[in-house]
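S.K.: Below are the chains, spelled out letter by letter.
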Amino acid sequence: MKTMRWSTLVPLVLLAVFPIVVQSDYYRHIFIIALMWVVIGSSWNLLAGYTGQVSFGHAIFFGTGAYTAGLCVTQLGISAWWGMLLGGPVAALVGLFIGWVCFRLRGPYFALATIAVGEIFRIGATVWRDLTEGMQGILIIQSFRSKIPYYYLALVVAAACVYAIYRVINSKWGYYFVAVREDQDAAESMGISAFRYKSLSLLVSSFFTGLAGAFYMNYMAFIDPQVVFSLHYISIMAILVGIIGGVGTLWGPPVGAFIMVLLQETFRSSFFGLLPKWVSEGHVLVFGLLVIVVIRYLANGIVGDWPKISQLWSKGKPLPSATAGN
Amino acid sequence: MEVFVQTFVSGILIGGIYALVGLGMTLIMGVMKIINLAHGQLMMIAMYITFVLFEQLHLDPYFSLLVAMPALFLIGAIIQKYFLNPLLKVDSILPENQVLMTVGLGMVLTEIIRFIFQSDYKSVTTSYSSEFIYLGEISFNQAMVVAFFIAAILTLLLFFFLLKTDIGRSVRATAQNKDAALLMGINAEWITIFTYGLGSALAAAAGSLLLPIYYLFPDIGGPFTLKAFIITILGGMGSTVGAIVGGVVLGIAESMGATYISMALKEAVGMVIFLLVLIFLPGGLKAWTKI
Numbered sequence: 001m002k003t004m005r006w007s008t009l010v011p012l013v014l015l016a017v018f019p020i021v022v023q024s025d026y027y028r029h030i031f032i033i034a035l036m037w038v039v040i041g042s043s044w045n046l047l048a049g050y051t052g053q054v055s056f057g058h059a060i061f062f063g064t065g066a067y068t069a070g071l072c073v074t075q076l077g078i079s080a081w082w083g084m085l086l087g088g089p090v091a092a093l094v095g096l097f098i099g100w101v102c103f104r105l106r107g108p109y110f111a112l113a114t115i116a117v118g119e120i121f122r123i124g125a126t127v128w129r130d131l132t133e134g135m136q137g138i139l140i141i142q143s144f145r146s147k148i149p150y151y152y153l154a155l156v157v158a159a160a161c162v163y164a165i166y167r168v169i170n171s172k173w174g175y176y177f178v179a180v181r182e183d184q185d186a187a188e189s190m191g192i193s194a195f196r197y198k199s200l201s202l203l204v205s206s207f208f209t210g211l212a213g214a215f216y217m218n219y220m221a222f223i224d225p226q227v228v229f230s231l232h233y234i235s236i237m238a239i240l241v242g243i244i245g246g247v248g249t250l251w252g253p254p255v256g257a258f259i260m261v262l263l264q265e266t267f268r269s270s271f272f273g274l275l276p277k278w279v280s281e282g283h284v285l286v287f288g289l290l291v292i293v294v295i296r297y298l299a300n301g302i303v304g305d306w307p308k309i310s311q312l313w314s315k316g317k318p319l320p321s322a323t324a325g326n
Numbered sequence: 001m002e003v004f005v006q007t008f009v010s011g012i013l014i015g016g017i018y019a020l021v022g023l024g025m026t027l028i029m030g031v032m033k034i035i036n037l038a039h040g041q042l043m044m045i046a047m048y049i050t051f052v053l054f055e056q057l058h059l060d061p062y063f064s065l066l067v068a069m070p071a072l073f074l075i076g077a078i079i080q081k082y083f084l085n086p087l088l089k090v091d092s093i094l095p096e097n098q099v100l101m102t103v104g105l106g107m108v109l110t111e112i113i114r115f116i117f118q119s120d121y122k123s124v125t126t127s128y129s130s131e132f133i134y135l136g137e138i139s140f141n142q143a144m145v146v147a148f149f150i151a152a153i154l155t156l157l158l159f160f161f162l163l164k165t166d167i168g169r170s171v172r173a174t175a176q177n178k179d180a181a182l183l184m185g186i187n188a189e190w191i192t193i194f195t196y197g198l199g200s201a202l203a204a205a206a207g208s209l210l211l212p213i214y215y216l217f218p219d220i221g222g223p224f225t226l227k228a229f230i231i232t233i234l235g236g237m238g239s240t241v242g243a244i245v246g247g248v249v250l251g252i253a254e255s256m257g258a259t260y261i262s263m264a265l266k267e268a269v270g271m272v273i274f275l276l277v278l279i280f281l282p283g284g285l286k287a288w289t290k291i
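First to last, the sequence lines map onto chains E and D. Heads up: the first sequence begins at 1 in my numbering, then just goes up one per residue. Heads up: the second sequence begins at 1 in my numbering, then just goes up one per residue.
Next comes chain D alone, as it looks inside the complex (with noise of 0.2 Å):
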């Protein structure tokens, strides 16, 4: 029962953080209708920066963040703005081409930091990577915790700025219809470079609270880049609400795969459940949550 609750604990404190991911993919898919390819590896740019500025300043990665996010937000808006909204004037053959441009942009990403710190695996060691709170039988790793929470206060922030504010309705707005959202005046092509940025910089931040807990390597953009969209797909397309269940969900499927299956099997758990929910529950739990 203990190896169960322990589980199901570090599963939760994990699934906010990708939770945090997922949200940024989902606010891209949302708007742009398109599956962000490099998801993950905009991540992984955050992670060096965070590393870089641990190394070079010992500032702690949860202060990075105030760094690392308008980095990211930057890097994001210059994406959307220089290589996708372009090629909504290009005509080709496959409606795909925006996804292929962010595989490209990934490997490049991924090659770009390969070259600056070579292949090797770096983590960033502070003080609480390794204290444990305990409660009862069950411990939590305190980085976790520290992590879980800044994740939900940044996933609040964003649900206040999406529902309360003017340039959040937009996003919302441009999200639900394009067309409508333009004829009220809306700059659309501004928003989709504004939502790339945002989208990045909620990856950003995944990437600095997830640093103290794990290691660091230039590969290491494509498997997130993969839980990004099972957790959409999870949630629902576009759906806000949906993201966040469908991270804690993932994170608890894969602690749980990881205890009870294998350690190997891990990552497999995730993808048998994207499947599942691609053939069985298209539209996601957002079928059932309505939200």
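With the rest of the complex left out, here is chain E (with noise of 0.2 Å):
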């Protein structure tokens, strides 16, 4: 598959005229937030899926940009749209430095650092409170009224962070962060770098999350450390969202956002009010379930192993396991 197939495009039509055939600002807004989860599930799949480092601490990079577009308002004084240029950047900037510390480890030690990294990240900005007001947060006024706008945009952004993925992966780097995921000294041994492609494959990933962190204070307008750091809501989800839709494929994590978006929400209000309320409180409960039938059964996530439950009900010939991968 060396072009985009046209057919890649329906989702994006369908997506385009969305927001005009629903009028609801209440659906509109789910549909950004899942868009936004597009964009860091994508990123983390770069990264985890493809080069084979699994983070749980994308969070890092999603606060270090909402940060940088909040700082601009407070620190700078100048508009936070200014975060959308700075937030990638400056993310991608951390991203190296990350990666400059943790890719000495290995597997789960990569992880694990990661998590303690992003720790110390969430834990830094509660406490210094001159530069990030702590745990007060930082609030400032959104820029449009109407939902429209922010929508646009967060499917510009959604469409090309999946095209920069889908380039990368199908150029020689590409080639080179799965060799490195499949086999580190192998790839080592052929003269590819792995610290050097891990690090493209982080910069890449930590862009593009900075510039989810980025959109996310723009449209949101507050953001406090226990959010936007959160390894539980940012960090563990973006793992969630991978695994759900499918590591290593590139349709998997937007698929997986939007499944996990519009699950959390219908839970969250109780299946839009049709259910007695304390099924709100079973959101997260629901996911931990969904993380342990999918890895369990579904070990390459629903587009991974699309074969394999399209075989349910097209009673054919078994299919040989998928071979998901690049």
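These are calculated hints, taken from the structure and not from any lab test. There could be a bad hint or two in this list.
Straight line, CA to CA, 25 Å or less: simulated DMTMM-like cross-link-like pairs of lysine to aspartate or glutamate [as the list claims (entries may be wrong)]: (1) Lys266(D) to Asp219(D); (2) Lys164(D) to Asp179(D); (3) Lys178(D) to Asp185(E); (4) Lys33(D) to Asp183(E); (5) Lys277(E) to Asp120(D); (6) Lys89(D) to Glu133(E); (7) Lys122(D) to Asp60(D); (8) Lys178(D) to Glu189(D); (9) Lys178(D) to Asp183(E); (10) Lys266(D) to Asp120(D); (11) Lys266(D) to Asp224(E); (12) Lys81(D) to Asp179(D); (13) Lys266(D) to Asp130(E); (14) Lys147(E) to Asp224(E); (15) Lys33(D) to Asp185(E); (16) Lys178(D) to Glu182(E); (17) Lys122(D) to Glu281(E); (18) Lys266(D) to Asp183(E); (19) Lys89(D) to Glu189(D); (20) Lys89(D) to Glu182(E); (21) Lys266(D) to Glu2(D); (22) Lys33(D) to Glu182(E); (23) Lys33(D) to Asp179(D); (24) Lys122(D) to Glu267(D); (25) Lys164(D) to Glu189(D); (26) Lys277(E) to Asp219(D).
Not close to chain D: a few residues of chain E, all C-beta gaps over 12 Å, as computed [stated by the list, open to error]: (27) Val10; (28) Leu14; (29) Phe18; (30) Ile78; (31) Ser79; (32) Leu86; (33) Ser143; (34) Arg145; (35) Leu153; (36) Glu182; (37) His232.
Backbone N, C-alpha and C fix where the C-beta goes; we use that ideal spot for every residue, glycine too.
Please assemble the complex out of the two chains, which come individually in their own frames, going by the hints.
M.R.: As structure tokens, this is what we get:
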């Protein structure tokens, strides 16, 4: 698959007409959040799914992007929209530094180190009041009252992110990433610098996550360290989006993002008010159960194991196990 | 000077309990080679068991060890048998599958408890919770001292078990080399189930011991999972002696951080140590102690 097929434009077109067809701001909001998660999940997937470096700390980049935008207002006195320009690069710089520190560790050690760095960032942002206002958080004024501009901005960012990752994984870099994932030592012995390509992967990944963070600041107009640097609500959620959609597949995280956000919202609102209120308390429980089921029965996620799923109701010949990857 | 000694003493006392958490984690890590990200959550379950026993039957938290430990042993064994072992047969891109599974399990455990008990803070107030023993200028919290000694006894029992009994030797053999252990006729799968149960039971003990001096809410698991692997990394993966040293070091570092830097940064102290160890001393203290 060298050129992207035209059929891939179908979801893009559908998403583009969505806010015109649907007038409700509530549903637009859900879709904006889902598009933001498309960006974060896809970025996480580039690093974890393609390069094999499972990060438990993507909140670092998300938070850095969000705070870059926020600090533009509180410290520099310029519009938070500058954050959309600065958030990505700043997060990417942070990513490079973290990579320099953490990439000397492998496998589960790397995952642990990212948790630790993430917690340091969260605590740091809480404690350093002069810069970040601490737990008070940063409150700005939204530029638009309508959701439409935010929606299209999110759509553009999400489309750009997925397209960029598509280009990356189909370039020489992408093959090097997969080589590092499959066998780091073998890749090294073929002359691929594992450190260099892990860093490049992290660079792209943290850039887009930072961009999503800056978007979040502009859209939600309020951030505090417990939200944007949260281990559970950002870092783990990014992993869930990735593994439920399908690790190491281009379309996995976008699918995962919509599933997760819609599911979260369905439960949070107790099936849009149709079920008793206590159902709303169960949304994290459902996430947990979903993770268990997906890991146990669909190890490559919904997209990666799609042949296996479709086989359930089309009783054809058993397919060979899906070789997900690039 | 008194403040320093006082800080040091309370660090060591809490460190004894941390060591128990770390020991459980280290056993699981040694045998299964995975990070158990549900460790703190298992401890949290034990704390709730202890809490319920105290509320309903007025059972002393220290006696409820006898209930909480077997209960958690069972839960741990079930997790290993039905959730983690089957994953060995599943083909997937990410080798961290089992770790991600423990994340899911941790979430489910936390949420089930939240469903039952709500998010409120709970605590167990015993007659000795705020009793102090004085030794010169230094005060010892009675509950902490008792907890420390029970933790020490449990640790000694664990060492006796690992060094002197057949099952203990099998556990160590499986940790050293699973394939060789299999060839020696050890049922490695059974050993993994047993070890996860044992690790959970140790976490349960730490939970019950901690309850009289701590408070309780469903999200308490996460921070303790983090503490558990700080300890494990500090001590060196799979090293039991290291876990004890790591637990005590973390206890001292946290209480020093709380006294001399700031209460808010207490948690960050652990993280910074963790990172420094990961980067500069990847083998943990094991590199020095050689055990």
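S.K.: All the hints need checking, so say for each whether the structure fits it.
M.R.: Structure-based check of all given hints:
no.	hint	result
1	Lys266(D) to Asp219(D)	18 Å, holds
2	Lys164(D) to Asp179(D)	22 Å, holds
3	Lys178(D) to Asp185(E)	23 Å, holds
4	Lys33(D) to Asp183(E)	19 Å, holds
5	Lys277(E) to Asp120(D)	19 Å, holds
6	Lys89(D) to Glu133(E)	49 Å, violated
7	Lys122(D) to Asp60(D)	16 Å, holds
8	Lys178(D) to Glu189(D)	10 Å, holds
9	Lys178(D) to Asp183(E)	22 Å, holds
10	Lys266(D) to Asp120(D)	23 Å, holds
11	Lys266(D) to Asp224(E)	20 Å, holds
12	Lys81(D) to Asp179(D)	19 Å, holds
13	Lys266(D) to Asp130(E)	19 Å, holds
14	Lys147(E) to Asp224(E)	22 Å, holds
15	Lys33(D) to Asp185(E)	20 Å, holds
16	Lys178(D) to Glu182(E)	23 Å, holds
17	Lys122(D) to Glu281(E)	19 Å, holds
18	Lys266(D) to Asp183(E)	39 Å, violated
19	Lys89(D) to Glu189(D)	13 Å, holds
20	Lys89(D) to Glu182(E)	18 Å, holds
21	Lys266(D) to Glu2(D)	20 Å, holds
22	Lys33(D) to Glu182(E)	19 Å, holds
23	Lys33(D) to Asp179(D)	13 Å, holds
24	Lys122(D) to Glu267(D)	21 Å, holds
25	Lys164(D) to Glu189(D)	21 Å, holds
26	Lys277(E) to Asp219(D)	22 Å, holds
27	Val10	27 Å, holds
28	Leu14	29 Å, holds
29	Phe18	31 Å, holds
30	Ile78	30 Å, holds
31	Ser79	32 Å, holds
32	Leu86	26 Å, holds
33	Ser143	34 Å, holds
34	Arg145	34 Å, holds
35	Leu153	32 Å, holds
36	Glu182	9 Å, violated
37	His232	7 Å, violated
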